[in-house]
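Working from the sequences, and respecting the hints, build out all of it.
The chain contents come next:
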Amino acid sequence: MADTGFLSRRGFIIGTGATGLTIGILASCTPNAGEPDAPDYSNLPPNEEVNAWVHIDHDDTVTVRIARSEMGQGTLTGLAQLVADELDCDWDKVTTEYPTPGENLARERIWRDYSTGGSQGIRGSQDYVREGAAAAKAMLIEAAANEWGVPASECTSENSIITHGPSGQTTTYGKVAGAASQLPPPLDVTVKDPSQWKIIGEAKKRLDTADKLTGKQVYGADVQLDGMRNAAIKQAPKIGATIASYDAAAISNMPGVEKVIALKNPFGEGENAVAVIADTWWHANKALEALPIEWAGGVAFSTAEFEAELDNGLTAEEAFVGNGGGDLAGAFAAADQMIEATYNMPLQNHACMEPMNTTALYTEDRCEIWCPTQNGEAALAAVSEASGLPIEQCEVYKIHLGGGFGRRAMPDYVQQSVLIAKEMPGTPVKMLWSREESMMHGFFHPTTKARVRGALDADGNLTGMHMRISGQSILATLIPQALQDGVDYATFQGLLPAGVDPRLEDQTLKYSFDNFLIDHAMRNPPVRPGFWRGVNLNQNAIYLECFMDELAHAAGRDPLEFRLAHLSDSPKAAAVLQAVADRSGWGNDDGKARGLCVMYGFGSYVAACAEVTVDDDGKLFIDKIVAATDPGHAVNPQQIEAQVEGSFVYGLSAMLYGEITYADGEVQERNFDTYNSLRLADMPEVETIIMPSGGFWGGVGEPTIAVAAPAVLNAIYAATGKRIRQLPIKDQNLRDA
Amino acid sequence: MATLKINGETVTVDVEDDTPLLWVIREQAGLTGTKYGCGIAQCGTCTIHVDGSPVRSCVFPVGALSGSEEITTIEGLSEDASHPVQKAWAELDIPQCGYCQPGMIMAVSGMLNDNPNPSDEDIDAEITNICRCGTLARVRKGIKLAVEKS
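Quick note, the sequences are listed as chains A and B, same order.
Each residue of the first sequence is one higher than the one before, starting from 1 at the first, in the numbering used here.
Each residue of the second sequence is one higher than the one before, starting from 1 at the first, in the numbering used here.
Because the hints were derived from the structure by calculation, they are not lab data.
Do not rely on the hints blindly, as some may be mistaken.
With a straight-line cut-off of 25 Å between C-alpha atoms, the simulated DSS-like cross-links for lysine-lysine are [as the list claims (entries may be wrong)]:
id : chain 1 : residue 1 : chain 2 : residue 2
1  : A       : Lys205    : B       : Lys149
2  : B       : Lys87     : A       : Lys205
3  : A       : Lys624    : B       : Lys141
4  : A       : Lys216    : B       : Lys87
5  : A       : Lys624    : A       : Lys592
6  : B       : Lys141    : A       : Lys205
7  : B       : Lys144    : A       : Lys624
8  : B       : Lys144    : A       : Lys205
9  : A       : Lys216    : B       : Lys149
10 : B       : Lys141    : A       : Lys216
11 : B       : Lys5      : A       : Lys216
12 : A       : Lys592    : A       : Lys722
Computed spacing ranges between beta-carbons, pair by pair [unchecked claim]:
id : chain 1 : residue 1 : chain 2 : residue 2 : range
13 : A       : Leu183    : B       : Lys5      : 54 to 60 Å
14 : A       : Gln726    : B       : Thr128    : 25 to 31 Å
15 : A       : Gln668    : B       : Ala125    : 26 to 32 Å
16 : B       : Thr12     : A       : Lys198    : 52 to 58 Å
17 : B       : Asp120    : A       : Glu294    : 48 to 54 Å
18 : B       : Asp120    : A       : Glu289    : 38 to 44 Å
Just so you know, even glycine gets a beta-carbon here, dropped at the ideal spot from N, CA and C.
This is the structure we're talking about:
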């Protein structure tokens with residue numbers, strides 16, 4: 001491809017700061033390199049964009065603008081498929097780029113939402129992205145028709161070629177893209193019916209793989225700018241503590257050290273972090289570790305002591321009601337058998353492989369950052385706030401994330417990087433957290449417990465159920481304005497009735513119960529919670545689906561049949577459950593220990609059947625998992641498979657190892673030696689059934705996480721006859737439980 | 001001051017002896033394909049080859065090298081991603097976020113240098129890298145495909 005024109009110009013725009021610095025970051029991936037005999041378009045002026053979503057070069061290269069962030073979940077490729085399909089363009093000539101949040105602001109948010117979370121990347125933007133592509137296609141066809149002097153209605157498009165039917169004339173998108181860009185956008189467009197899709201639904205390879213195999217992919221931690229300095233940071237280890245003093249002179253002679261600065265707390269009072277700026281990060285971090293710092297104040301919080309508060313919530317009189325109906329007291333009074341179980345969910349770190357980082361360049365009239373962020377617009381606002389500059393004088397250059405999982409939706413590290421760069425006007429500074437900082441200063445998965453009670457009649461029917469969730473609310477801390485009369489409905493993900501909140505219609509309870517109550521006694525520790533891949537669905541699935549398993553066994557009924565009996569109002573949930581049961585050999589008399597789970601979350605129906613072995617010493621082997629997902633429309637089946645497989649790594653890592661504990665206000669798990677993650681040796685075989693039933697758009701990146709742990713925990717029971725209700729499993733002997 | 005051979009080129013760097021090879025590669029040699037993940041040899045994302053064998057470079061002090069060793073990073077594994085492991089990884093579309101993949105690819109290719117036809121038990125023992133996105137199921141398939149391609 002010629003090194004001119006819009007794409008490469010954009011590459012430089014991305015890398016060109018106020019001071020004319022350039023770096024080698026391209027948010028896009030280069031399509032098939034030009035053939036040796038490719039025509040030379042370098043004498044032509046670059047084409048303007050067809051519209052905000054699509055730019056087409058003279059050589060037919062289609063650049064799709066992607067507002068959402070790519071953090072591994074494959075949204076970049078999926079969104080490009082949506083656009084390419086609607087555009088009727090040649091998939092082999094598709095590339096992508098991130099329009100900056102600053103451009104979005106300047107263009108009145110033409111790319112709309114940049115926030116990347118809640119498994120919303122595709123389902124939350126598919127309508128306007130496809131409409132944008134359909135509009136671009138209409139403009140291209142109109143431009144060709146104008147050139148030929150024929151009605152646009154006589155022209156068709158396919159594979160980046162426009163054909164005038166009656167005359168047989170053809171042209172390419174690249175040839176008419178310039179003229180198309182000058183046309184007014186069509187007043188209304190119609191997107192394709194799913195039956196017409198050719199690229200949507202195809203197992204296309206990811207567009208971002210090539211550079212991830214060679215080390216060329218630049219992550220935030222890899223950014224290098226001319227004259228750049230490096231900063232390491234240490235935040236108060238104890239919750240709420242501030243700096244009492246530090247002795248910069250003690251490290252001023254260490255190699256490479258340039259500056260030692262105190263940072264004010266972006267979310268609270270006082271200064272709560274110290275940064276060392278040096279020539280290299282290694283020098284900065286080494287000096288920081290040697291720096292004498294005295295901290296003052298703070299909260300002596302302990303997770304062990306907080307247990308009592310969680311337990312108190314389990315039986316407290318007052319609780320917020322999330323869902324319920326019927327006559328629960330009557331059902332309990334008339335029960336033939338009462339079953340009760342208490343489960344827990346510890347605090348967990350997102351543990352992105354790439355530690356938190358941002359590179360910032362501050363001058364008195366402009367501030368720019370290079371940043372891995374799940375929310376470019378929030379990052380832009382954070383730059384403005386921390387720099388004190390109007391938002392129009394700030395910019396965010398997004399970079400693919402080395403993992404996000406919800407952690408990089410928070411802008412704390414962005415603010416810190418700007419505060420550091422403000423101390424070095426005109427010099428770009430890359431701030432990189434150590435693993436220990438990333439582990440200690442997360443926005444953790446909230447901690448809760450649940451006490452669940454169920455009434456069975458003499459025939460083994462479930463006649464009443466009460467689920468009491470006790471514990472932490474994400475919204476109460478992070479977005480208190482989103483509470484409704486004090487209720488955090490997000491706590492009830494996957495358990496809600498329909499009609500509570502339009503934003504939570506994809507989080508409803510798919511079981512039908514006659515007499516039940518699901519409520520929440522809010523108990524908030526002084527620990528900041530966060531949205532963690534799968535969020536509250538993860539523990540709610542354990543509470544609901546492990547208990548359903550307990551009920552089925554107490555009733556002497558088959559756990560599959562027992563669940564299906566309550567899924568008559570949700571045939572799609574029943575279908576995914578039945579699918580995993582059928583495929584896994586559920587009910588076969590083969591001596592294998594299996595466990596089931598089914599949930600509805602993030603708009604998708606998901607189920608899993610796990611097969612485990614527990615040896616005589618109580619050691620767990622997860623042999624195989626069959627998973628099914630119905631996301632409505634399956635945009636890229638092989639990437640859905642990848643997300644389903646990955647969800648088991650994330651969900652089972654949490655079940656096996658995921659626990660952040662505090663003692664005297666300090667996080668105790670500070671690296672992967674004490675906060676482990678599932679390794680290859682423990683990775684089960686995963687068989688994925690994708691069964692898109694059409695008619696809706698469900699998420700993919702998160703829902704399957706929720707079914708991972710319950711399916712395995714239920715299988716452990718099948719293997720051992722012991723219930724594991726205390727997570728993480730860590731080194732519990734599963735036969736002594 | 002240390003003289004190193006990285007990807008076939010001799011590089012002289014001005015660093016303290018205790019500087020981990022990871023940071024020399026990233027900050028002095030400017031090769032950022034090798035990633036920092038944990039700094040304590042737990043996650044494997046910093047894996048490189050020293051004389052063909054996999055090494056977790058975050059805990060390997062540069063002073064421990066004699067200068068004659070051949071250091072290979074992801075950038076030097078092959079010309080144009082033609083190593084069998086890279087080809088297998090491309091065919092199975094393994095990377096998600098991709099941050100751990102240079103280390104994963106170097107760990108796998110290093111294992112295959114020493115053991116061209118590893119059993120599942122060998123793989124379990126040798127490949128202990130962390131991937132939080134969760135590419136592990138495909139990693140095992142990728143190793144087997146790479147063996148076929150070698």
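In rising order, the numbers of the hints this structure does not comply with
Of the numbered hints, all hold.
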